[in-house]
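> Make a model of the complete structure from these sequences and hints.
One-letter residues, chain by chain:
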Amino acid sequence: MNNGSKKQRVVIVPCSGIGKTYGTVSREAAYILVEDIRPDETQLVALSKLVMGDEEAKAIVSSHPSITIDGCKLACATKMVQESGGKVAKDYAVLEVYRQYRQYKPQGIAELNEGGKLLAQALANDIAKEMDRLQSEPDGGDNG
Amino acid sequence: MAEMLRFNIDKFTFQVATDRWYSNEGVWAKWEGMHVVIGLSDYVQQRSGDVAFVELKPAGSLLNQGEEVAVIETIKVNISLPSPVSGRVVSLNPEIEKAPELINQDPYGTGWLAMISVPDFPIQAQHLLDAQTYYEKIKREAEQETRNNE
Chain A
99 MNNGSKKQRV VIVPCSGIGK TYGTVSREAA YILVEDIRPD ETQLVALSKL VMGDEEAKAI
159 VSSHPSITID GCKLACATKM VQESGGKVAK DYAVLEVYRQ YRQYKPQGIA ELNEGGKLLA
219 QALANDIAKE MDRLQSEPDG GDNG
Chain B
4 MAEMLRFNID KFTFQVATDR WYSNEGVWAK WEGMHVVIGL SDYVQQRSGD VAFVELKPAG
64 SLLNQGEEVA VIETIKVNIS LPSPVSGRVV SLNPEIEKAP ELINQDPYGT GWLAMISVPD
124 FPIQAQHLLD AQTYYEKIKR EAEQETRNNE
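Sequence lines, in order, name chains A and B. At position 26 of the first sequence (counting the first as 1) the number is 124 in our numbering, and the numbers step up by one without a gap. At position 16 of the second sequence (counting the first as 1) the number is 19 in our numbering, and the numbers step up by one without a gap.
Keep in mind that the hints were calculated from the coordinates and are not lab data. Think of the CB as a built atom: it goes at the ideal place given N, C-alpha and C, for glycine as much as any other residue. Where hints are given, some of them may not hold.
A short, non-exhaustive set of chain B residues, derived as facing chain A with CB atoms under 10 angstroms [what the hints assert, rightly or not]:
hint: 1; residue: Leu-66
hint: 2; residue: Lys-79
hint: 3; residue: Glu-104
Derived lysine-lysine pairs resembling DSS-like cross-links, with alpha carbons at most 25 angstroms apart [unchecked claim]:
hint: 4; chain 1: B; residue 1: Lys-60; chain 2: A; residue 2: Lys-203
hint: 5; chain 1: B; residue 1: Lys-101; chain 2: A; residue 2: Lys-171
hint: 6; chain 1: B; residue 1: Lys-60; chain 2: A; residue 2: Lys-118
hint: 7; chain 1: B; residue 1: Lys-142; chain 2: A; residue 2: Lys-188
hint: 8; chain 1: B; residue 1: Lys-60; chain 2: A; residue 2: Lys-215
hint: 9; chain 1: A; residue 1: Lys-227; chain 2: B; residue 2: Lys-101
hint: 10; chain 1: B; residue 1: Lys-60; chain 2: A; residue 2: Lys-177
hint: 11; chain 1: A; residue 1: Lys-177; chain 2: B; residue 2: Lys-79
hint: 12; chain 1: A; residue 1: Lys-171; chain 2: B; residue 2: Lys-60
hint: 13; chain 1: B; residue 1: Lys-14; chain 2: A; residue 2: Lys-185
hint: 14; chain 1: A; residue 1: Lys-203; chain 2: B; residue 2: Lys-101
hint: 15; chain 1: B; residue 1: Lys-14; chain 2: A; residue 2: Lys-203
hint: 16; chain 1: A; residue 1: Lys-188; chain 2: A; residue 2: Lys-171
hint: 17; chain 1: A; residue 1: Lys-147; chain 2: B; residue 2: Lys-101
hint: 18; chain 1: B; residue 1: Lys-14; chain 2: B; residue 2: Lys-33
Here are the simulated distance ranges between beta carbons [said to hold, decoys possible]:
hint: 19; chain 1: A; residue 1: Asp-138; chain 2: B; residue 2: Ala-102; range: 36 to 46 angstroms
hint: 20; chain 1: A; residue 1: Lys-171; chain 2: B; residue 2: Arg-9; range: 36 to 46 angstroms
hint: 21; chain 1: B; residue 1: Lys-140; chain 2: A; residue 2: Asp-152; range: 24 to 34 angstroms
hint: 22; chain 1: B; residue 1: Glu-139; chain 2: A; residue 2: Gln-201; range: 53 to 63 angstroms
What follows is the structure in structure tokens.
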């Protein structure tokens, strides 16, 4: 709930892996969060821009707390935010989230099955709750 | 720590611990006196991907060699694992249900699956592959697959 205070915008950086179901889930969750659940409090940054050293993307992640969503244990999103000078307020791994929501088994790549869509929604909801928690902290999650 | 046989394919390094036996399906069996500890080979765990869930036959179960002892769900596939030995399940890895990623992180150590009571392992081992044979088998398979994909 908005209490009238200005909330710190949170940067969302999902996995950019193509051809992997869990990467797709990470991006779907990010879109749900940024477009539907928290459009005014989040900003999506494409991981590929950080990989390419895009100055604007680096400036955004270095000036806001980030939440990363990794599709596999390589954790590229988390590593690239850190290497770009950003602070990771919370990192999510899709596999860990799936372990909490086993009923939502994700399948598909270009298009997720129903389980994958539900898992992405559950992940987006979890991140929104985490954002509420971070933003209730005195430093708005920018505690690095 | 067990000695390892290793080979590289592309960016991957596969390891085979030399102090145990292997089924064709890549389930290892390590003889420890009256008991045999079983687990998944490094080759199978790497090819199958990150493990999400593990379901093991409960302690007390009687198994025949080849009967399902575990089902592993990874990010890619569901695998039914046949027991490499006949015997009674004595105990299960207490950590594995809460932390199935141990299978990926340490397949020959903390990622073990179950301990099975096997009084006649030397006889049963005749149906298993020694480490060198298993190593040659999977190396051949991996190299063939690489050639097929070229």
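> All the hints need checking, so say for each whether the structure fits it.
Hint check results:
1. Leu-66: Status violated, d = 25 angstroms.
2. Lys-79: holds (9 angstroms)
3. Glu-104: holds (8 angstroms)
4. B:Lys-60 x A:Lys-203: Roughly 22 angstroms between the alpha carbons, so the hint for Lys-60 of chain B and Lys-203 of chain A holds.
5. B:Lys-101 x A:Lys-171: holds (17 angstroms)
6. B:Lys-60 x A:Lys-118: Given pair Lys-60 of chain B, Lys-118 of chain A is violated - Cα atoms ~31 angstroms apart, limit 25 angstroms.
7. B:Lys-142 x A:Lys-188: violated (40 angstroms)
8. B:Lys-60 x A:Lys-215: violated (32 angstroms)
9. A:Lys-227 x B:Lys-101: Judged against 25 angstroms, a Cα distance of about 24 angstroms means the pair holds.
10. B:Lys-60 x A:Lys-177: Given that 25 angstroms is the threshold and the Cα spacing comes to 38 angstroms, the pair is violated.
11. A:Lys-177 x B:Lys-79: Given pair Lys-177 of chain A, Lys-79 of chain B holds - Cα atoms ~24 angstroms apart, limit 25 angstroms.
12. A:Lys-171 x B:Lys-60: Roughly 28 angstroms separates the two Cα atoms, so the pair is violated.
13. B:Lys-14 x A:Lys-185: With Cα atoms ~30 angstroms apart, Lys-14 of chain B and Lys-185 of chain A exceed 25 angstroms; violated.
14. A:Lys-203 x B:Lys-101: Given pair Lys-203 of chain A, Lys-101 of chain B holds - Cα atoms ~18 angstroms apart, limit 25 angstroms.
15. B:Lys-14 x A:Lys-203: violated (29 angstroms)
16. A:Lys-188 x A:Lys-171: Given that 25 angstroms is the threshold and the Cα spacing comes to 15 angstroms, the pair holds.
17. A:Lys-147 x B:Lys-101: violated (36 angstroms)
18. B:Lys-14 x B:Lys-33: Violated: Lys-14 of chain B and Lys-33 of chain B sit about 28 angstroms apart, past 25 angstroms.
19. A:Asp-138 x B:Ala-102: 36 to 46 angstroms: holds (38 angstroms)
20. A:Lys-171 x B:Arg-9: 36 to 46 angstroms: violated (21 angstroms)
21. B:Lys-140 x A:Asp-152: 24 to 34 angstroms: violated (47 angstroms)
22. B:Glu-139 x A:Gln-201: 53 to 63 angstroms: The hint (53 to 63 angstroms, Cβ to Cβ) is violated, given that Glu-139 of chain B and Gln-201 of chain A are roughly 42 angstroms apart.
When each numbered hint is compared with the structure, violations occur for hints 1, 6, 7, 8, 10, 12, 13, 15, 17, 18, 20, 21 and 22.
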